[in-house]
Structures are given as C-alpha cells and as structure tokens.
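**Q** Listed below are the residues making up each chain.
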Amino acid sequence: MEFGEMFNVAIQKQNKIHPHKFTLWVGIGSIIMMFAGLTSAYIVKRNQANWVTFDLPVAFWYSTAAILLSSLTVYLATKAFKERAMARYRQLMLATLLLGIVFIVLQIIGFSQLWKSGITLQANVSYSFLYVIVGLHGAHVVGGIIALVLMSLKAFSIKTRTYSFVPVDLISTYWHFVDLLWIYLLLFLLMIR
Amino acid sequence: MSSTISLQESVLHTGHADEHHEHHHHETFISKYVFSQDHKMIARQFLITGIIWAIIGGLFSVIFRLQLGYPNQSFPWLEDFLGHWAKGGKLQPEFYYALVTMHGTILVFFVLTAGLSGTFANFLIPLQIGARDMASPMLNMLSYWFFFLASVIMMASLFVQTGPASGGWTVYPPLSALGEASSGSKIGMDLWLVSMAMFIVSSLLGGLNYITTILNMRTKGMTMTRLPLTIWALFFTAVLGVLSFPVLLSGAILLLFDRNLGTSFFLSDIVVAGKILPNEGGSAILFQHLFWFLGHPEVYIILLPAMGMSSEILSVNSRKPIFGYMAMVASLFAICVLAFLVWAHHMFVTGLNPFLGSIFVLLTLLIAVPSAIKVFNWLTTLWRGNIRFTPAMLFAIGFVSLFISGGLTGIFLGNSALDIHLHDTYFVIAHFHIVMGVASFFGMFAGVYHWFPKMFGRYLNNTMGYIHFWVTIIGSYLIFWPMHYEGLAGMPRRYYDFSNWESFKMFGGLNEFISLVAMIVFAVQLLFVINFFYSIWKGRRVTTENPWGANTLEWTTPIRPGHGNWKGEIPEVHRWAYDYGKDGKEFITQTTPVGADESKDH
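Protein chains in written order, with the numbering used here: chain L, 1 to 193; chain Z, 1 to 602.
Same shape as in the complex, but just chain L (with noise of 0.2 Å):
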C-alpha cells in the first residue's frame, strides 16, 4: 500500500485532484442518484390520487440554520488547517461537529412534532416519502459526524501530529454536499407538495 501513498505525495505536488478526493466526488454521484431515485418517486406519487399536502414543523428551519453555519464553520476550519493555525482548528471543528448534533437534534424534535400533530409514517405515503427522503438525509449527516468525531479525536491527539490536508479537505467537501443536499431537499419538499 505504501506505493499508493508515495503515488499520492506525488500527485498531490502537482495540484493535481487527489484520488481519495476524486473517488468522493463519484461517490457524492452516487449519492445524488439515490437522492434522484426517492425525489422522483415522490414526484410521480405526488401526481395521483390521495395525496396530502403538509407543512414542515418548524424546527426544520432551525436545523437549517445550523447546518448552514456549519458549513461556514468547517470552511475556516479548513483555512485555519491551511495557515497551520491549528489550535483555532481545533476550535472550529468542534463548532461544527456541535452544529451537526443540533441540525439532528432539530430534525428529531421536528419529526415528533409532526407526529403528535398526526402526520405519522404510517398515516399516509406522502408522509412516508418525507420521513424516508429526510431521514436518509439524516443518515448521510450521521456518517459525517462519526468522520468529524474521528477527525477531532485525531486534532487533539497528543501522539500523533498529522499535517496532511486531504482528510480535512475530503471531510469539508462532503459536509458542504449534506449541507447542500439538505437545502435541495427542503426547497423540493416546500415547491412540490
């Protein structure tokens, strides 16, 4: 393996796109096309009968701001990462790890809010497609934060110090996708329904 990583020092001086990198982008493809797939579904659905229209819970909003600083926040963590500025690094990687807890914490309090207004899973497929569409969001938004507790873990580590930019570049490039998946969710979710 050591070979793919000499290859990869190699590639990396000359600007070119990293492969780890350029295999996330593929990746964020597939992800896009699942998202696709359910979005669409929806759309056909949303065409026939017995289908009911909702708002979205409130909380949604907040979550939204959340994840919109983190966003922000993981861009200047990333150019913190870059002046070598390590300790506000630090800072602000845990600033957005806080603000993805919250956008899941919000998005779990606006789900129960629908449900005790009795838009439940069950009640309705239009209600099924969004606690399906939005909770796989969730999902994609949990897997980054397990990456973000890992890269975290690795900032404060007293043994190793790690210089290389590639996991903080592969972590902000897919934490601005969720964040921007979410908003391409929730403007789909408040034009077609």
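There could be a bad hint or two in this list.
Taking CB as the label site, the calculated pair distances span [as the list claims (entries may be wrong)]:
no., chain 1, residue 1, chain 2, residue 2, range
1, Z, Glu598, L, Ile183, 56 to 64 Å
2, Z, Ile411, L, Trp51, 38 to 46 Å
3, L, Val142, Z, Gly262, 22 to 30 Å
4, Z, Phe29, L, Ile158, 29 to 37 Å
5, L, Lys116, Z, Gly262, 54 to 62 Å
6, Z, Lys87, L, Pro167, 53 to 61 Å
7, Z, Thr463, L, Lys154, 53 to 61 Å
8, L, Phe165, Z, Tyr477, 55 to 63 Å
9, L, Phe54, Z, Gln161, 53 to 61 Å
10, L, Gly135, Z, Gly83, 51 to 59 Å
11, L, Val166, Z, Phe29, 29 to 37 Å
12, L, Lys154, Z, Gly351, 49 to 57 Å
13, Z, Ile536, L, Pro167, 36 to 44 Å
Straight-line Cα separation of at most 30 Å, DSS-like style, residue types lysine-lysine; simulated pairs [said to hold, decoys possible]:
no., chain 1, residue 1, chain 2, residue 2
14, L, Lys116, L, Lys16
15, Z, Lys32, L, Lys21
16, L, Lys16, Z, Lys87
17, Z, Lys220, Z, Lys32
18, L, Lys21, Z, Lys220
19, L, Lys45, L, Lys116
20, L, Lys154, L, Lys16
21, L, Lys116, L, Lys21
22, L, Lys16, Z, Lys186
23, Z, Lys87, L, Lys45
24, Z, Lys186, Z, Lys90
25, L, Lys159, L, Lys45
26, Z, Lys600, Z, Lys585
27, Z, Lys585, Z, Lys567
28, Z, Lys87, Z, Lys220
29, L, Lys21, Z, Lys600
30, Z, Lys186, Z, Lys275
31, L, Lys45, Z, Lys275
32, L, Lys154, L, Lys82
None of these hints come from the bench; they were simulated from the model.
Just so it is clear, the structure is predicted and the values come from calculations on it, not from any experiment.
The beta-carbon is built from N, C-alpha and C at its ideal position, and this holds for glycine as well.
Position chain Z against the provided structure of chain L, taking the given hints into account.
**A** Below, chain Z alone, put in the same frame as chain L:
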C-alpha cells in the same frame, strides 16, 4: 503535467525499493490470502466466490429443469437432498418458484456482476494501465468483504424454514411486500433485501475505485486513447453501476419500509385470503420504475466486461489490430448512455401510456446501432487474421456468435406491439439467456482462459478447455433455440407444469430434450471447475513473461507478480495496445518506443 508526476513517482519508488521487499517477508497468511489489499488477490477472491455461486445457481436450474422436463415423474433422491421441499420426490410448487428466483438472483448479481467485473476489473485495471494497485486498496478490500457478507446472508436465506425469496428475481410488490402472500415472502424476502443492500454497497465501493483508478493512476504515456478496450469497457461498466445501483437501493429501502414498518409506498387496496389490508395510496408500478432504472443498466453491467475482454482476446489471437478502435469506444459510450433511457421497455404491458411506449421503442431500437458497430468491428478484426484457436479465442468467437443471435431477438422484443404477444413467454427467456447470460459467461470464460497464466502462473488444460467450449456452445443453442418457438406459441414463463394445458402439451418432448441438454451442459461446467482447481496447483507452468505474444502491460510483469506488480519502475507506454502485424513484426508491445523509420499508421 502527467509525465512529471510519473517521473516523481518512479524516483520515489526507486528510493524505497528495498523497504518494499522487506515488507513482503512479514506478510502473514491472513494479510496475504484473507484480508488482502492486493488487487490481484482480491480479484482471485471474487473469482472463486463467483465460481461457488455459479455452481449453486446452475444446479438450481438443473433441479427446476427436472420438473419442467419430467413433470409426471418423481425423483426420490430429491427428497433426501431437499427434504420437505420435495415431498415424495416431487418438487413443491413453492420451492420451484424459490429455485427460479434464486437462480436469477445468483447468476445476475452474484456471478455475472460481482464474479465477472469484480474479478476482471480488479485484476486487469492496475495491470493494464500500469499502476501498482487501486486508488484505494482499503476500499477495494471492503468491496470484497461486503460482497462476502451479502453472500453469507443470501446463503442463509436458502436454509430458513419458509424458504428463500420466491417472487421472481425482480421481486415485484405486492407479492414481495406482504409476508402473508406466499411462504417465500416471509423472512426469506427480508434476507434477500438486506443481502442486496450489502451487495449494492460492495458494487459501489468497487465502482468508485475502478473509475478513480482508471482516470488518475495511469502510467506515463498511457493516454486514454491508448487504453486497451478491456479497460474502456470496465470503465463504462463502473459508471453504469455507480449511477444505477443507488436507485435500486432506494427501491429496496422503500420495500423494506413497506414490509416491516407498515408504510404503503407500493401497496394499495389489497385483499389477502379474504382479509382487506389497511394499506392505501401506494403504487406497485412505482417499484417497477425504480427496479428497471437499475435493471436495464444492469444487463450492460453484465455484458460490457465480456465485450471488452472479447475485443482484446480477438485482436491478440487474430494477430491483427482491433478494427475501428475509436468506433469501439464510441459505441461503448453510446450503449452506456442509452442504457439509462430504455428501462420502460420492460414495462410495455403495465398500462404504460402507448405514446410514451413508442418513445421507449425508438430508444431501445437505437441500441442496435452501437451493437451492430461492435459486431462489425469484431468480424472485421477476425477477417483474414492469423487466427490462433486457443480456448480463450474460441470462447471470444462464441461470445460474438451468441451476441448476434441473442441481439437479433432483442429487435423483436423492443417493439411494444410485438411485446403484447411475446412478453412473459419463453421467447423472452431465450432472448436474455443468450444475449446476456450465456454470452457474458462466454466472455468470462474467455477471460479466465486468457488471463489464467497471469493469475496463477500456470496454464489451464487445453483438451478440457476444448471439450468445455464445444459442448457449451452447442448445448447453449440446443437449450435456448427451441425456447423461441415455445415462446412464439405463447408458452408462458414461470409456470410449474405445462402438461395441464392442451395448447402446450405438444412441447412435452421438447421440454424433456431441453432439460437433458441442460444437465449435460451443467456437467461440462463442472469439468471446467475441475480444470480450474487442478490447474491452480498442477497445471503446466508458465515459463515466459508473455505467453500469448500480447502488447498490453500486464505481460511485462514477472510471471508471478507480487504486491506492487512491477519489480523496478513502472514501464512507460509509447503506443496503443494493438500494434499487431505492423511493419512485418508480429507484435510490438506498448512499452516499445516508436522507431525512427516506423510507418505512421497503426
């Protein structure tokens, strides 16, 4: 820019060469054979797992062919073997459905997707583009182990009390969504869905790696237009997989919700055994859209690797350049694009708007254009060549033959008007088995015979190879050709016993004949398996680096390459892969610099 990268890479490598050798002595059995990150070992793991699945999937077809060929006989030994599924030596109808479902699932996904592109994408991509390994060996290893997990779950589903999934390999709801609907729709169906979810993760991890590796890790001089056609085909295969499998995952997730959490994505107004179900508002057709949006690209995921390997093997063994290299790449691209635009031709009779149907007819028939280009180029590559009839070459030619035969019936089926009569008959069975099933198997066999010396450092036995080829090609035509006539006469697929129908009684003898040939062909595949495992340890040793006189980079590695593939620097590439018979030379490898007095044309 790319040249400087490779230069640095090679400089880096020479600096660390000694360390590398040191590392190899410390490899344990576990790190070398089990949790290996070497792409060649992972390829062998995929191949052997695929062979095990192929034996199981093939055996299932033999068992249900017994029922179809001899519907009035009982086979007491079947009861010893299958227990209550074959009470009194007679296959139970429920288990008959389970067998056809699992035959389809196993061969489409576990053998011809994982076993075929898993094996050859892993093995050939780094070797033919000149890379030491995949972009991410770790993800590559995970890809195999997710496949292994999927295999274990699918295997477990064969042994549960209520039997494995039995609603057909397409698992259409509502049958697959309701446990009450049939015994195979109980736990077996959940296991099927979970196994497929693991399988999809495996395919995605593999596909991401293949795409990244091909685009980013090529050696110096290996431009995209110098790539062997195998790599182009595997590249498009990976693109298809990465874009279509996630959509199947969406469908599978929604189906799991319907089954276990009481949602109604695919269910509406259903009565099971006199009981009205509460589900309302869902659409079973929606699942078919989600399924076939994967399902159609899936047939090209199966077929393209076979096309790529056959192109390479035909050229090497005709001692001639491939005819129309760029046309071959362009037609692969066209097939890849069209694959996403034709899924509804599987749904012509579901009440699809006839106008929409006519658009899908047009797009479907358009696939004939790139397919015909490819066939033309294969035939013109063979034309006036110095053909060496090795077993690999025979299988590659057999692939072309089957692709033509099966492709022509696709033109019948792509027509929505004819499909009213032909859908769900044996005509469809005959079509897709020839063009996708058997043809891809031929591509896979061609690949195994051709690259076995590189995989294991020994040759497969030729005599057994020739017997394998001739019996398989004649047998395949004898099995599937008659099915076209049965289908034209309206004989439906998936039926358990045709002897009760006055209209199909006349096919009794023909069905018996088909079953007999199927058993012979299956026995010959076992001969291949024996040849395969015997030759790994006892086959004739390979003594030269380049036994076939081929141009591609994998034949510049040592006979048994270690992890890292090349001992010294990765060779530099100076030309395309198909300089055969140029300037009076039999072959000129890709690593040979272009001579001063060399003619310009390929």
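**Q** Give a verdict on every hint.
**A** Verification of the supplied hints:
In this structure the supplied range 56 to 64 Å holds for Glu598 (chain Z) paired with Ile183 (chain L), their Cβ-Cβ distance being about 57 Å. Checked against the hint of 38 to 46 Å, the pair Ile411 (chain Z) and Trp51 (chain L) passes, with Cβ atoms roughly 40 Å apart. Remark: the range hint 22 to 30 Å for Val142 (chain L) to Gly262 (chain Z) is upheld by a beta-carbon distance near 24 Å. Separation of Phe29 (chain Z) from Ile158 (chain L) is about 36 Å and conforms to the stated range, judged on CB atoms against 29 to 37 Å.
Against the hinted window of 54 to 62 Å, the Cβ-Cβ separation of Lys116 (chain L) and Gly262 (chain Z) comes to about 18 Å, which falls outside the hint. The hint said 53 to 61 Å for the Cβ distance between Lys87 (chain Z) and Pro167 (chain L), and at roughly 59 Å that hint holds. Distance hint check for Thr463 (chain Z) and Lys154 (chain L): the Cβ-Cβ separation is about 59 Å, which falls inside the suggested range of 53 to 61 Å. Judged by the Cβ atoms, the range 55 to 63 Å given for Phe165 (chain L) and Tyr477 (chain Z) holds: they are separated by roughly 59 Å.
Evaluation of the 53 to 61 Å hint for Phe54 (chain L) and Gln161 (chain Z) yields a failure: the beta carbon distance comes to about 42 Å. A hinted range of 51 to 59 Å for the beta carbons of Gly135 (chain L) and Gly83 (chain Z) is inconsistent with their spacing of about 41 Å. Against the hinted window of 29 to 37 Å, the Cβ-Cβ separation of Val166 (chain L) and Phe29 (chain Z) comes to about 32 Å, which satisfies the hint. In this structure, Lys154 (chain L) and Gly351 (chain Z) meet the distance hint of 49 to 57 Å, their C-beta atoms being roughly 56 Å apart.
Checked against the hint of 36 to 44 Å, the pair Ile536 (chain Z) and Pro167 (chain L) passes, with Cβ atoms roughly 40 Å apart. At most 30 Å may separate the alpha-carbon atoms for a hinted pair to count; Lys116 (chain L) and Lys16 (chain L) exceed this at roughly 52 Å. Distance hint between Lys32 (chain Z) and Lys21 (chain L) is fulfilled; the C-alpha atoms sit about 28 Å from each other, no more than 30 Å. Proposed proximity of Lys16 (chain L) and Lys87 (chain Z) is contradicted: the alpha carbons are some 65 Å apart, above 30 Å.
Taking the CA atoms of Lys220 (chain Z) and Lys32 (chain Z), the gap is near 29 Å; set against the 30 Å cutoff, the hint holds. At roughly 21 Å between alpha-carbon atoms, Lys21 (chain L) and Lys220 (chain Z) fall within 30 Å of each other, so this suggested pair holds. For the proposed pair Lys45 (chain L) and Lys116 (chain L), the alpha carbon gap of about 24 Å is at most 30 Å, so the pair holds. A threshold of 30 Å between alpha carbons decides the hint, and for Lys154 (chain L) with Lys16 (chain L) the separation of about 26 Å falls inside it, so the pair holds.
Restraint check for Lys116 (chain L) and Lys21 (chain L): not satisfied, since their Cα atoms lie roughly 42 Å apart, outside the 30 Å limit. At most 30 Å may separate the alpha-carbon atoms for a hinted pair to count; Lys16 (chain L) and Lys186 (chain Z) exceed this at roughly 51 Å. Taking the CA atoms of Lys87 (chain Z) and Lys45 (chain L), the gap is near 45 Å; set against the 30 Å cutoff, the hint is violated. At most 30 Å may separate the alpha-carbon atoms for a hinted pair to count; Lys186 (chain Z) and Lys90 (chain Z) meet this at roughly 23 Å.
Of the supplied pair hints, the one linking Lys159 (chain L) and Lys45 (chain L) is violated, its CA atoms being roughly 55 Å apart against a limit of 30 Å. A threshold of 30 Å between alpha carbons decides the hint, and for Lys600 (chain Z) with Lys585 (chain Z) the separation of about 14 Å falls inside it, so the pair holds. Taken as a hint, the Lys585 (chain Z) and Lys567 (chain Z) pair is honoured in the structure, with Cα atoms around 28 Å apart against an allowance of 30 Å. Between Lys87 (chain Z) and Lys220 (chain Z) the CA atoms are separated by roughly 64 Å; this puts the pair beyond 30 Å, and the hint is violated.
For the proposed pair Lys21 (chain L) and Lys600 (chain Z), the alpha carbon gap of about 39 Å is over 30 Å, so the pair is violated. Between Lys186 (chain Z) and Lys275 (chain Z) the alpha-carbon distance is near 18 Å, which keeps this suggested pair within the 30 Å criterion. Pair hint Lys45 (chain L) plus Lys275 (chain Z) holds up; C-alpha atoms about 26 Å apart against a cutoff of 30 Å. Between Lys154 (chain L) and Lys82 (chain L) the CA atoms are separated by roughly 16 Å; this keeps the pair inside 30 Å, and the hint holds.
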